Structure formats: C-alpha cells, structure tokens
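Number of protein chains: 2
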Amino acid sequence: MSNERIIYLPLGGAGEIGMNCYVYGYGKPGEERLIVVDLGVAFPDMDTTPGVDIIFADIAWLVENRARIEAVFITHAHEDHVGAVGHCFERLGAPIYARAFTANIARGKLAEYGYSEDTVRTASKWPETIKAGPFTVGFLPISHSIPESSGLVIDTPQGRLIHTGDFKLDAQPLVGEAFDPDLWAEVSAPGVRALICDSTNVFSPNPGRSEVEVGPEIEKLVASAPQLVVATTFASNVARVKTLADAGSKAGRSICLLGRAMRRMIEAAIETGVLTDFPRVVSTEDAAAIPRENLMLIVTGSQGERRAASAQLSRGKYNGMELKEGDLFLFSSKTIPGNEKDVIRIINNFSERGVDVVDDSSGKYHVSGHANGPDLARLHEIVQPQIVVPMHGEHRHLREHVKLAKSKGRAGVLAVNGMMIDLSGNEPTVAQWIDAGRTYLDGSVQIGAMDGIVRDRIRMALNGHVVVTVILDEDDEPLGEPWCELKGLPETGRSHAPLVEVLEEDLSQFLGRAGDKTLTDDDKIEEGMRRIVRNTAQNEIGKKPEVTVVVSRLS
Amino acid sequence: MSNERIIYLPLGGAGEIGMNCYVYGYGKPGEERLIVVDLGVAFPDMDTTPGVDIIFADIAWLVENRARIEAVFITHAHEDHVGAVGHCFERLGAPIYARAFTANIARGKLAEYGYSEDTVRTASKWPETIKAGPFTVGFLPISHSIPESSGLVIDTPQGRLIHTGDFKLDAQPLVGEAFDPDLWAEVSAPGVRALICDSTNVFSPNPGRSEVEVGPEIEKLVASAPQLVVATTFASNVARVKTLADAGSKAGRSICLLGRAMRRMIEAAIETGVLTDFPRVVSTEDAAAIPRENLMLIVTGSQGERRAASAQLSRGKYNGMELKEGDLFLFSSKTIPGNEKDVIRIINNFSERGVDVVDDSSGKYHVSGHANGPDLARLHEIVQPQIVVPMHGEHRHLREHVKLAKSKGRAGVLAVNGMMIDLSGNEPTVAQWIDAGRTYLDGSVQIGAMDGIVRDRIRMALNGHVVVTVILDEDDEPLGEPWCELKGLPETGRSHAPLVEVLEEDLSQFLGRAGDKTLTDDDKIEEGMRRIVRNTAQNEIGKKPEVTVVVSRLS
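As you go down the protein sequences, you meet chains A and B in turn. Note that full-length UniProt numbering numbers the first sequence so that position 183 is 183, with each residue one more than the last. Note that full-length UniProt numbering numbers the second sequence so that position 242 is 242, with each residue one more than the last.
Hints were generated in silico from the structure; no laboratory data involved. Since the model is a prediction, treat every value here as computed from it, not as a measurement. Hints may contain errors.
If several chains are the same, the list does not tell them apart, and a pair holds so long as it fits within one copy or across any two.
In silico DSSO-like links for lysine-lysine, alpha-carbon gap of 30 Å or less [claimed, not checked]:
#  : residue 1 : residue 2
1  : Lys524    : Lys131
2  : Lys408    : Lys324
3  : Lys403    : Lys334
4  : Lys341    : Lys403
5  : Lys334    : Lys364
6  : Lys517    : Lys406
7  : Lys364    : Lys341
8  : Lys324    : Lys544
9  : Lys317    : Lys403
10 : Lys28     : Lys544
11 : Lys406    : Lys544
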C-alpha cells in the first residue's frame, strides 16, 4: 500500500434529509485531490430559519481547498441535490458534470447567475466515464422519482466506490431507466470497497412499490370524476406527471399544466429526449374555454407552498381558473414532515369551496421514490461492498442503515456531516473533523447559520421589540425625555396605562437618578435602559422584549 | 309552537381541532338564556402565532350577553376543552359544572388566578341532572382517552339535544367508564332533536380499537428491553399511563414519573377515585439508585415540547436521569400534525446517544381516543337524532361528517365558528352570524388575533428590523446625520460596505435634499426614510426590512 488514501467527507445530507453535498478525495493526507458529489439545498421554516430563502451546506472547507477540486458531479435534478449549484459555483470554480436532463436543469440555475451553458458538461451514462484527477467516474443509471437519476461509479487507485445517489429499485419506472440488477452486479463484480448509500426510507419495512402501480388507480379516479379534475405532484416527478396526464387524456380531458416549475420540468424532459409521448397540453387561455368536465389541471404545490398553484387555487382564482363545488383535487404525493399544516390548510380551503380532496392516505395514488429497508438490503446483496456508508438521512436513518448492514454481516460506518472518513484500510476510520455547517441564502446575501442574524429575528418574533431613544446634550445631560417605540407588543398591560408611557416614565426616573459615570458611558446607559425596559415589561405584560437603545449625543 | 327557539353557536372547535367552545340558548330570539359547553385552548406555532402562549376562542359575544349565561359545563379535562377556564372565568362569571376528575383539573387552573374551589361545582353522572335556566343538563358517561369524559344530555322545552364531547366507543377503556350502548339508546329513546358530535377522526375508515389492545404489545416490548425503558404518552391518558406502569411492574421494574403534568394527572386520578390500583412509584432521587435494567420512566413530552421531560432527556441530564446506548424510548402516542419536526428532533437526539426509539408507526403501541368513521355512524344509529351537527374538527372533518350523516338518510348541518343555528324547526337554519375570532394569551395579556401585534412579529422575523433615528433642531434642520440600527439583518450586502453605512449615506442625501415642507412634517420624514431604507436594502441585500423611524425634535 502507498501512503495515499481515499477519503469520504459528507458536508450536507448526512444528518438531515436535504442539502446533499459529499466530498471524495484521493492522495497523500492533506493533499488529496477532491471531487464533489451534489450541491443541494434544504428549505427554511419559521421555527428555525424565518426569512431565509434557501439553505445549503457550508462549503468553506471546499473553498479553502479550492485548488484541489477536480470536478463536481450531480447525481440527479432534485433541488436537494442540484439546487445550490448556482449559489456555489463561483467559489468552487470546478467543472460540473451531469447527465443530459440534470444538466438542463443545472444550466437553468447557473443562468440565473449569468454563467454560460458550458459550465455544465453533459455526461453519458456508464460504461462511459470521466477522468477527474486520480478518479474515474461513471454515471450508472438507477431508478428514482425523477428521470436519469444515477449512481456514481468512482474508481480510485485503491479500488472502486459506488455512490448510489437517491434511488429506488423500480423495474417499471415508466419514464427514465429501470433498475437493472444485472448491470449493477456486473459493475460490482470486480469488488466494491464502499457503497455510499441513500438512507431516507430505511425504516419502511416493506419492499418499495413500482411507479407503474399508481396508473390504474389514478385512471379509475379521474374517469369517475364528474367535474373539473386537478392533480398535484412533485413537478420533477416526470413519470407521475405523465401518468396523471395520460389518465386525463384517457378520460377525454384536455390537459393544462399550471405552475412554472411544472412546465419547466416537462420542457426539460422533452428537450432532452427523456419524455417522448406526453399528451398535448393546452394553454391556460384555451383551458378557460373548455367545459370543466373535459379538463384536467396538473399543478405545482403538493407541499402546500403558499405561492404555488395549489395554494393559490385553494384561495381563489389563479390564471383564470377557479375550483367549484363538486370538483376533484388529487394529491398524488406524500407530505414531507413539517409541511403538514400548510397542506391541511389547503385541504380545508378546498373543503370550504365544496371541492372533494383525495390524498394518499389510501396508499393508492402515490409511491415513494426511495428504497425501503428490504430494497437497501437487496442492493447491498447485489453490490457486495466491503463497507456500507449510509448517506442522505437524519441521524436515526443513518444509524438504522448501519444496523441493517451489520445485521447481514457487513461493515458499516455512521458518518455524519463534517466527519472525514478514511476508506483505505480494512476498517473505515475517522481521519479528521471538519467544521460542517449551514449557509443561508437570505435575500441576495449568503449568511452563516451561526451568525446570530436569524437568532435575532426569532427573538423579535417571540418577544417583540422595544426601541428606546435618548438624546444627551453637550454636557452629557438628557435633553428631554427618553422615547419608546414598540413593535409586536400589546399597547397596554397590567396597569391599563399605555405600555409606552409606563416604560418612558421608568426610563426617565432611571436617567434622573443616573450620575455622570453612567451618563458619560453609552454602554452603561444602554445596559441600564435595557434592564429597565425588560423588567417593567415583564411586570406589565409578562414578557421580556428585545430592546434596542439608541443614544444620541449632541457633542 | 311558541316563538321561543333553541340555538347552537360554536365559538371555537368548529373549524379547527382545539379551543372548543360551544354555546346553547333557549328563549325568545335575542333573549335566549345561554349555557356554555367547554372553554378550551389551542397551541401556538411559529408560523402563525410566534411568542403567543395560548390561544382560545374570542368570548366577546358571551361577555356582551353575560347576564344571559346560566352556567358553563366542561365535558372532560383535556386542555382543548378545559384549558381556558382560568383565563375566561372572570369575564363570564357563571358557575362551572364538571364531574369530579375534570373539576379537580379545572380547579387547579382557576387556583392559578386565585379563584376558590367552589367556582367549580362537582356534577354527578346521569341520571342526575343540573337545572340551568330553561335547560336541564346531565353528564352521560362515554369513553375517551381521559377519565370521566361525558356527553351532555341537554333538555330544552322543545326537546332533547345530545352533545357528545370527545369520545370513542370503547368497551374496555381500562380506566374510566366503558361506552354503554344500552344506556345511550335508553337516553335517546324519547327522541333526540340534535346530536352535536365529535368529528376529528371521521376520515379514519376502520372501527376504532380498544385501549385494552395496546397492553400486551407494550408488555412484550418492555419485557424484552435490556436496559433502561422510558415511555411517553399524553399525561392525561391515565389509562395508558397505567398500562405503561403495569407493563414495567410486570417486568420487575420500579416506576418513576417524570414531568409535572404527568404527576399532576395521576394525583388527580387517585384523589378523585378514578384510579385505584396504580403501581407504587419511586421518586427521582430513589430512581437514581436503581439499576437501569430495573427501572422504567414514564415521562411528559410526547409531542416534542421543548421544555418537557422527553426533549430534556434527549438533550442530556434531566432530574438526575440520563439515557445511554442500549436504552429504549417508547412513544406510546401519535404525533399531532404540526409537531412532526419537534418529535423527529428528539428521535435524532436519542439516536446520537445510541438510544433505540420505538414509535407508533407499527400501530401496536397506541390507539386513538376518538371515534372513527364507522364509530360515528354507529353512534348516529344508536341515538337516531333528527339532525346531526358535526363539531370539533377542521372544515374538512365537519363536511365529511355531514356527508356521512346524509349518506344514512339523516339531516346534517355544517356549522362553523360564529354560525348561530336555530335548531327549533324541522330543518336547521342559520339564525345569525357572530364575529368569532381568537384570543391570544401573550405573556400576561390577552390580545386579539387581528390586533396586528403578532403580524408585526412575523414581519420582523421574515424581514428583519431597521431603526432609523433623526434629530431636528429648533429650526427644523437635521442635527448631525441620521443613524441606523439593524436587527436580524446581515452586516454587508452587494457593495461589500457595511449596510448601516450605505443606508445612512442614502438617508443623509434624502435629508439634504428635503425641503421645509418635508422637514416640518414627521409623517413625511418617516415615509421618505422608510422608502429609502427599503429600496436601498432591497438593492444591497435583496430584502425589504421592517422600518421604524424615530424623529426627535429639539423644539
């Protein structure tokens, strides 16, 4: 053996579902040449990230080691794998490789930042490969809920790794390539050092179901609907969109796509030849003239996103369309944990309009795009890796996946974001810990999760905000009274006097009592006034607000 | 018929799950004597109600008609039925009736406001009744996931109503009374004008399962656990707490209750004679000395509440207890929609500690406390009401419940919060619309949902907050430069200069250009400065912050 090594370093996705970003390295310790697999995003929520637009892995370590990066590979076009390419490209500067459909989507994201088409290079599928420093990388087709999802065959001087990307074992995915167990066995035959493997559905106890199973059920439902039919699913699930459209067509309905993402995905699939026989669609203008019993809308917003078509339709007119009593709305999707309230809000809005909503609680109108527990075991069996490295999952998923591997007598290693693993030896070992964090795209600015900016927003939301202004003259004497402004706080409390007045009174008294030592020191004034506001507010309204003190000196 | 009428008016719970509050009236229109059924709360979330402590129905209409209120009846001791008694009692001033266990809990809440024991009167169960103006009311036992849940038999001069409260049809609830179909049939025999009926589980297609079914499964699980066992459930589910404790006892484990609510509920159940044979519990001090394989903790926090025992244990030591590799944690509960992320966070924390978490995804360790679709149909069949009035549910549940009633040939009416229904005639009709809203307990102050206070908090959380201070001298000329403070915003943006400086520069220019007409008018200054801050920030950081402008004049 040389003193070179293979390293694996997850920066995002190994500790959460979303924001996938994995690094592989090969070379002398500290000098490994690097490749990056996926640059994905996660989505914010009010609880932890109010006001944030998008979340992705902190790539500071990659940027520091930018000169060592050979290339970026994107496994598939889901947002949690490709969504951050535009936001990260400039700081990484490495070429991006993806298969045609994925590349089409990635180019759209890079174009928003003004990068040209050729920042993304279109890769062909296995057995073609790409040389990237010491690595040779091939895109090995695997089925998933989006076309052209691929595992990566990563050859190093010390052996072969397989990174699955997201996948399911679907023999009939309808659009895109079927899982081919013989091909995977053949590729694995020379021996696989490590299988880095999707973990999201490890807790699902039954083998996954094929995309082909939902078609007949959806057809039955659509055929029996008396009025307008509207269906939503993930826009990127091109196979499902096609199934929905086919069901509509068979029932004699014209198909209309609503929502930018829906049209974008179908266009990309047609442009890249992934989708060849999609029913003819009508424009929203034309749709308006079609009798509702002859029309089917396929729309964005299956997760209850407030600005997407589903939510807008639930609130009223959208693009000239409006749902009515007796119409049918189908969620051909599952609700991602955390989105339940938004989805339920839409269902209740539709209920108020008399629209009948069908969701997947029956299990008939949706199948997952991820491998379940038994499917993972089957893939382990086909690939026969020396080590299983679970990726893409929360801690509980990674841990369960390691357990699954070990239960079949395989080595498994629980590697979370920031844990650099040396895969060279007989046993995986922790080589180093890297600071792994999160970056927020906030408006047009990238901020760090630990910068305190979002923490301050959460505090204002929980506690309200009091602004105190005080003016001191040239002799450091207060000029007039201190002044309070409230935001997000009640106007009166216990004493029934305006809270502003009660606060100002207490602040005036504080200033009146304050000596020169305080009045000449902004920090002391601020600290004293903050304390008074918090105590008085606690007494009046039972809350301690955030306080900003502005001291103005005329000197 | 007389010109008197029966009215039904939901103020909370008919349009959501939670904050139940229903009003019944009898008399001449506008002069009806009133009774109130339940005063419950709902829980806040960051999305819609950041910083709020508790939510309950706006009782303004009741307060206006306070002189007409005869009594308040509480069906059972769940927070969404009894939680607001303390917050509302003073403004209603009517006597509160409840059965012993419920009364015990209600008294605890009233004591927090300093009200004496006798504000709550203990009612006996049917056939005893309480006279309340034109009404005669009896507490008719029904099973639920808390002891002594009762339907109310409400007799009026124009016939009998039955208000179910929350319920399931459980022949073996283990603690509390079993559902007695013969008793319910007997009470219904004289004819029931309207059945006002729980709707929360109307979409569940199979008959509900009995509490007795979970015991054997829990026993098996606990018996096979090698180390410490910790279980959580709703503290008020006394039967489940007992089942858990019995399973621990049978496995030779000492039982320790953790969390104030858990101990409070068990105490109340023992004090009121509802619970007679609970295993002996040990204190946390004693528990610390017991080998972990001989110990079982039963803890609060099944919904992931951050301050409850489950969450605290997932983060580290709590009351001297700490979970370790190989321990078992059982969620004997379901996750209420909206709480998924908090529960998952706990599971992942435990995963990091090597604790094995078992939840109800197998369906073995929890049964619901509410009647499913077929159970509702069965109760309709037993009671044979003239009208079914669905209550306690979101709009979709109420609508589905009306459909269910109609599918069996019964009249049903979809009455949402604020809709006053006249139940006197052959067909229910809408008598009037009342402003139904939500009241927030915010710290120690009750505020209205529409007051704009919480809206301002949400805006600060989404957009950040800029405070601008400007001082004008006696001649209305700016004294020095305007001053900005940021909260919840990044320090730099597009130009890489500090955002504060960019804003102050633009504000200075604005003031420099401003004529007397602006400078003498605070509103114009504020409006102009707000516009500048928002535009400049949009340009620099891609966000439009909330802006507070403080104009100080020396004149």
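For each hint given before, does the structure comply? Return the numbers of the non-compliant ones in rising order. Hint check: 1, 6, 8, 10 and 11 fail, others pass.
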